[in-house]
Structures are given as C-alpha cells and as structure tokens.
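Participant: Each residue of the sequence shown is one higher than the one before, starting from 1 at the first, in my numbering.
Hints are computed from structural coordinates only; laboratory data are not their basis. One thing to keep in mind: the hints can contain errors.
Unchecked claim - Each computed SDA-like pair below joins lysine to any residue, with the alpha-carbon atoms no more than 25 angstroms apart:
hint, residue 1, residue 2
1, K9, P68
2, K9, E70
3, K9, I69
4, K9, V48
5, K9, F50
6, K9, C46
7, K9, L74
8, K9, G80
9, K9, C57
10, K9, D28
11, K9, D52
12, K9, E21
13, K9, W23
14, K9, D33
15, K9, S77
16, K9, Q76
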Amino acid sequence: MDSGMVGSKLTRSMLESGHQEIWCAVSDVSDEDAMEDQVGNDFTACIVDFRDGQFYCAADNGWFHAVPIEVRALTQSEVGF
1 MDSGMVGSKL TRSMLESGHQ EIWCAVSDVS DEDAMEDQVG NDFTACIVDF
51 RDGQFYCAAD NGWFHAVPIE VRALTQSEVG F
C-alpha cells in the first residue's frame, strides 16, 4: 500500500488488502464533503465492502466517497472533568 494514499482511495486499498471494517466519514459528493463539519455530523459508517463504484456498510447502504477516520472513546481528562 502506498503511504501517500488518503481518502476514498485509501479506504479502497485497505479493503483490498483484507481490512474488514473501516470507520469512515461518508458522502455522495466528495472526500472533502465527507470531512466537512465533523462536529455533530452523523454521516459516518463502518465500511465493509466496495462494489459497483460505491462503499457499503453492513446494512448495505452505499456511498460514493468514504474517508477513513479514527473512532475512539474519550477519556475523562479530554472532556474536562
């Protein structure tokens, strides 16, 4: 895998190399649109497949763009308590 890949191209490459579930910001417009205003944006999905030019989640919903993101639990100190 090319270390310079980003966005949907990286997601496709990850799926091709065997990754099975990839959390992504998704959009039908562009990679940039997928990443805009992630605060309060619920347009994320666990991508499991790429076929017919679209990325699919386990519920078989499809999007044209899927940018890998990191989803993790916050710590108490990160939220200011």
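Participant: Going straight from one Cα to the other, do K9 and E70 come out at no more than 25 angstroms?
Facilitator: holds, 17 angstroms
Participant: Need the status of pair K9, G80: alpha-carbon distance at most 25 angstroms?
Facilitator: violated, 36 angstroms
Participant: Is the hinted pair K9 and D28 satisfied, with a Cα-Cα distance of at most 25 angstroms?
Facilitator: Given pair K9, D28 holds - Cα atoms ~15 angstroms apart, limit 25 angstroms.
Participant: CA of K9 to CA of P68, is that 25 angstroms or under?
Facilitator: Distance ~10 angstroms between K9 and P68 Cα, so the pair holds.
Participant: Between K9 and C57, does the CA-CA distance stay at or below 25 angstroms?
Facilitator: Holds - the C-alpha atoms of C57 and K9 are around 17 angstroms apart, at most 25 angstroms.
Participant: Given the hinted pair K9 and C46, is their Cα-Cα distance within 25 angstroms?
Facilitator: holds, 16 angstroms
Participant: When you check the alpha-carbon spacing of K9 and S77, does it fall within 25 angstroms?
Facilitator: Cα-Cα ~35 angstroms, so violated.
Participant: Taken at face value, is the distance from the CA of I69 to the CA of K9 at most 25 angstroms?
Facilitator: Within the cut-off at roughly 13 angstroms; holds.
Participant: Decide if the proposed pair is consistent with the structure: K9 and W23, CA atoms, cutoff 25 angstroms inclusive.
Facilitator: Holds. K9 to W23 sits at ~14 angstroms (cutoff 25 angstroms).
Participant: Hey, K9 versus Q76, does the alpha-carbon distance stay inside 25 angstroms?
Facilitator: Violated, at roughly 35 angstroms.
Participant: With a cut-off of 25 angstroms on the C-alpha distance, tell me whether K9 and D52 pass.
Facilitator: Judged against 25 angstroms, a Cα distance of about 15 angstroms means the pair holds.
Participant: Keeping to a limit of 25 angstroms between CA atoms, is the pair of K9 and E21 held or broken?
Facilitator: holds, 16 angstroms
Figure legend: structure checked against the earlier numbered hints; hints not met, in rising order: 7, 8, 15 and 16.
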